[in-house]
Structures are given as C-alpha cells and as structure tokens.
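First to last, the sequence lines map onto chains A and B. Every letter in the first sequence is one number past the one before it in full-length UniProt numbering, and letter 132, counting from 1, is 132. Every letter in the second sequence is one number past the one before it in full-length UniProt numbering, and letter 93, counting from 1, is 93.
Treat the hints as calculated values from the structure; they're not laboratory data. Since the structure is predicted, the reported quantities are computational estimates derived from the model, not experimental observations. Treat the hints with care, since some could be wrong.
Claimed, not checked - The calculated SDA-like cross-link candidates involving lysine to any residue, where the alpha carbons are at most 25 Å apart (straight line), are:
(1) Lys75(A) with Leu41(A)
(2) Lys153(B) with Asp14(B)
(3) Lys153(A) with Ser13(B)
(4) Lys214(B) with Asp202(B)
(5) Lys75(A) with Asp14(B)
(6) Lys214(A) with Val181(B)
(7) Lys149(B) with Gln81(B)
(8) Lys75(A) with Thr177(B)
(9) Lys173(A) with Phe121(A)
(10) Lys75(A) with Glu191(B)
Number of protein chains: 2
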Amino acid sequence: MSRVLLVAGGNPSDWPTIEPATYDYFVGIDRGCLHLLEADLPLQLAVGDFDSLSREEYHFVQETAETLIQAPAEKDDTDTQLALQEALQRFPQAEMTIIGATGGRIDHLLANLWLPFEPRFQGVLRQIRLCDRQNSIQYYAPGSYIVPKEPDKEYLAYCCLTPVENLTLRRSKYLLTNQDVPYPTSYASNEFIEEAAAFSFDAGMIAVIQSKDK
Amino acid sequence: MSRVLLVAGGNPSDWPTIEPATYDYFVGIDRGCLHLLEADLPLQLAVGDFDSLSREEYHFVQETAETLIQAPAEKDDTDTQLALQEALQRFPQAEMTIIGATGGRIDHLLANLWLPFEPRFQGVLRQIRLCDRQNSIQYYAPGSYIVPKEPDKEYLAYCCLTPVENLTLRRSKYLLTNQDVPYPTSYASNEFIEEAAAFSFDAGMIAVIQSKDK
C-alpha cells in the first residue's frame with residue numbers, strides 16, 4: 001500500500017519524526033507547503049487558498065510544486081478536507097498521514113479530528129491517521145480489532161467520538177466488558193501490557209490515540 | 001457570581017493571561033498545584049493523586065495548600081473531573097475557568113473538552129469555561145444565545161460536539177439557517193461583525209470557541 005504524507009499549516013515544532021523514505025507522495029496544505037519545502041521534503045501536490053502566504057511565498061510554492069490546486073478563499077470545505085479528497089482521488093488505497101493538523105487553534109484541531117465523519121471519508125477511515133510529536137490517532141468503525149503498540153508511545157486511549165455500544169477492551173491495563181457509552185468519552189491513560197491491545201464495539205466511532213509525555 | 005480558577009497540569013506557557021483579582025478561589029489539579037505556586041498564585045484547594053510529583057514537590061504542596069484532597073492513583077474519575085466536582089460542591093453558582101487542560105496529549109484534551117457531557121456537570125455547563133493562550137471555550141445546551149466578543153480574540157467557531165438540530169447562526173460573517181448537523185462538526189473560522197454574535201439550536205450540545213492566531 002502506498003503512503004501519502006499530508007502537511008497542514010501547524011507549527012513544524014509539533015511534527016512527529018518524519019522518515020522521508022516511508023512516504024511515496026507528499027501533499028502540502030496551504031502554509032504546510034512552505035513547511036514541507038523548509039524541511040527539504042518534496043512538494044508533489046499543493047492545495048489551498050494560500051491566503052496565509054505572502055506574494056513571494058506563494059510564487060515560491062507555485063514554482064516548486066509539481067501540481068497546484070488553488071481553492072477559492074471563501075468555500076465550504078477547509079483546505080485540509082480538500083487536500084484529503086484530492087489525495088484520495090489520486091491514491092484511493094493509500095494510507096493518509098496528516099501532520100501539522102493539531103496544536104494552536106482548537107476549532108481547527110476539532111475540524112481535523114472529525115474529518116472521518118464526513119460521508120466522503122467514512123468509507124476510508126481506517127486509511128486516515130493524524131500524528132504530531134506526542135500523539136498518533138487512528139479511526140475505527142464498529143468491529144473487532146487488534147491495536148499494535150507504536151514503539152515510541154507510552155499511553156493508549158479509546159476516545160469514543162460518538163455514543164458507542166457494547167465496548168469491550170481487552171489485552172490492556174484497564175479493561176471494559178460490553179460497556180454502553182452514552183456520550184462522547186475519552187477513556188484516557190490506558191496502557192499496553194503486551195505488544196498489542198484489542199477492542200471491539202457494535203455502534204459509533206472510536207479514535208484510538210497512542211501518546212507520550214513530552 | 002464568584003469565580004473559581006482551576007489549574008490542571010498542562011504547560012504554563014500555554015496559559016492565557018491570568019488577572020489574579022478576577023478570581024475568588026484557586027484550585028490546583030495535581031501538577032497544576034505546583035504551577036499555581038510557581039506563578040505566585042494562592043493554592044486554596046489541591047486535588048489529585050499527585051503521582052506526577054516527586055516526594056519533595058508533594059510535601060511542598062501538602063504544606064502550602066489550604067485544603068488537600070488526595071485521590072487514589074487508580075480511580076474512574078480523572079483528577080480534573082474530581083477537582084471540578086469538589087469546586088462545584090463548595091461554590092455551586094460559580095463560574096469555573098479551567099486552564100492547563102489543553103496542549104500536549106490529545107486524549108487528555110478530549111477528556112477535558114467533553115467534561116460537560118457528564119450528568120453531574122450537564123446542569124452547570126454554562127458555568128464551565130476552558131481557556132488557553134489561543135482559545136476560550138464555552139458550552140451551550142439547546143436554546144437561543146448572544147455571544148459577546150472577547151476583546152483579544154479574532155475567530156469564532158461553533159463546534160457541534162454531537163449531532164445538532166436546527167442550528168441558526170446570526171450576526172456573524174458566515175450564517176446558517178435551520179441547519180441539521182448529522183455528526184460532530186466544527187464550523188471553524190467564523191468572525192464577529194459586531195460586538196456580539198447570536199445563535200440558536202434545538203437539540204445537541206455546542207462548544208463555542210473564540211480563538212486567535214499565536
């Protein structure tokens with residue numbers, strides 16, 4: 001499966017460690033285009049309204065990007081929604097890792113966190129991952145799953161983004177059995193006890209967050 | 001109405017500007033107790049399991065706090081839930097401002113963001129406010145509201161924490177009329193056009209976030 005890195009405009013000091021060889025395609029989102037180039041990474045697709053860039057910065061992005069998609073400044077989609085959609089049109093099976101999408105403004109963070117609710121992304125929610133220096137977020141529809149531990153992370157959280165039915169947590173420090181969760185709830189600060197944890201649920205959507213202290 | 005400041009363990013560099021005279025009572029939450037004292041603020045109530053503190057730090061907090069509530073390390077409540085509950089028992093009518101509750105680990109941020117869903121806090125959700133350097137978050141149950149602009153903020157967001165029915169946004173740059181919102185959605189990057197905006201909705205819960213760039 002190919003891997004796409006999407007870089008939104010958040011501060012690069014919040015990025016996780018990036019191994020360029022891990023990714024097959026690099027997408028810059030608005031100011032994230034500059035951050036990609038400043039990190040000596042390729043800019044294969046540039047997406048945004050670019051109203052956060054100066055005229056010089058915009059020209060630099062325009063000249064450097066292999067492909068540029070200019071969005072109108074006043075639109076219904078956010079730049080990140082648009083970039084994810086464009087990336088999925090090009091690589092429908094790829095794993096989509098989004099960085100630069102957390103930190104700072106919480107209205108932006110929530111818009112990014114909730115991307116997989118949109119009908120156009122719900123069918124590919126397992127392909128979407130949000131990452132920053134301390135967190136790695138993956139999304140799950142109802143079913144039964146194994147969660148492999150990421151080597152650099154300490155904590156495991158099951159964040160119910162909606163009401164959830166029949167949640168069972170296995171193979172982790174704290175357990176639950178057939179729990180109905182009536183409102184959005186973050187079961188935070190759980191821990192792995194072996195190389196993978198396991199969980200299952202029957203309705204709703206869960207974000208599994210692996211994290212570490214600074 | 002009296003005002004209570006609750007300080008959780010997040011990095012003080014993310015705090016908003018604190019005017020001590022604004023608050024009538026100061027609550028430290030675990031490592032937040034130290035942060036309060038380091039900022040030369042009073043520590044009237046200390047709550048937590050204090051497992052994030054060294055023995056010396058713990059003794060310092062113990063000797064300085066007017067009242068200390070020691071929670072067990074393995075418990076269902078988070079330290080922040082416990083602290084909010086204790087503060088509400090003492091000041092049931094007070095405005096509760098929580099700082100140090102964002103940034104860093106997103107499982108913690110979500111647990112704090114979703115506090116007002118809990119039955120014990122739902123009845124007082126209008127009294128709860130989460131703040132950091134860039135964001136101010138307030139909570140709304142169905143109804144019709146005026147939102148006064150905070151002088152230092154630029155952006156206005158209506159974050160639907162649940163499905164929402166019949167959402168109408170008035171007196172702001174972007175408007176909505178009787179919109180049903182089928183899943184959690186962040187209507188981010190709206191703006192005030194006068195000193196207050198207005199909105200109404202019939203079902204669900206909304207967090208209104210006023211924010212600014214760094």
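query = Taking only the CA atoms, is the gap from Lys149(B) to Gln81(B) under or equal to 25 Å?
reply = Violated. Lys149(B) to Gln81(B) sits at ~28 Å, over the 25 Å cutoff.
inquiry  = Next pair to validate is Lys75(A) with Asp14(B); report whether the Cα-Cα distance is within 25 Å.
reply    = 31 Å, violated
ask   = If you draw a straight line from the CA of Lys75(A) to the CA of Thr177(B), is it 25 Å or shorter?
value = Between Lys75(A) and Thr177(B) the Cα gap is close to 17 Å, so the pair holds against 25 Å.
key: Agreement of Lys75(A) and Glu191(B) with the hint, judged by alpha carbon distance not exceeding 25 Å   = OK: Lys75(A) and Glu191(B) at ~15 Å, within 25 Å.
request  = Please work out if Lys153(A) and Ser13(B) have their alpha carbons no farther apart than 25 Å.
outcome  = Cα-Cα ~24 Å, so holds.
query = Are Lys75(A) and Leu41(A) close enough, with their CA atoms no more than 25 Å apart?
reply = Since the Cα atoms of Lys75(A) and Leu41(A) sit roughly 28 Å apart, the hinted pair is violated (cutoff 25 Å).
ask   = Holds or violated: Lys214(A) with Val181(B), Cα cutoff 25 Å?
value = Violated. Lys214(A) to Val181(B) sits at ~36 Å, over the 25 Å cutoff.
key: Hinted pair Lys214(B) and Asp202(B), Cα distance within 25 Å   = 34 Å, violated
ask   = Keeping to a limit of 25 Å between CA atoms, is the pair of Lys153(B) and Asp14(B) held or broken?
value = 15 Å, holds
25 Å Cα cutoff - pair Lys173(A), Phe121(A) = Cα-Cα ~32 Å, so violated.
The structure fails hints 1, 4, 5, 6, 7, 9 (numbered hints given earlier, in ascending order).
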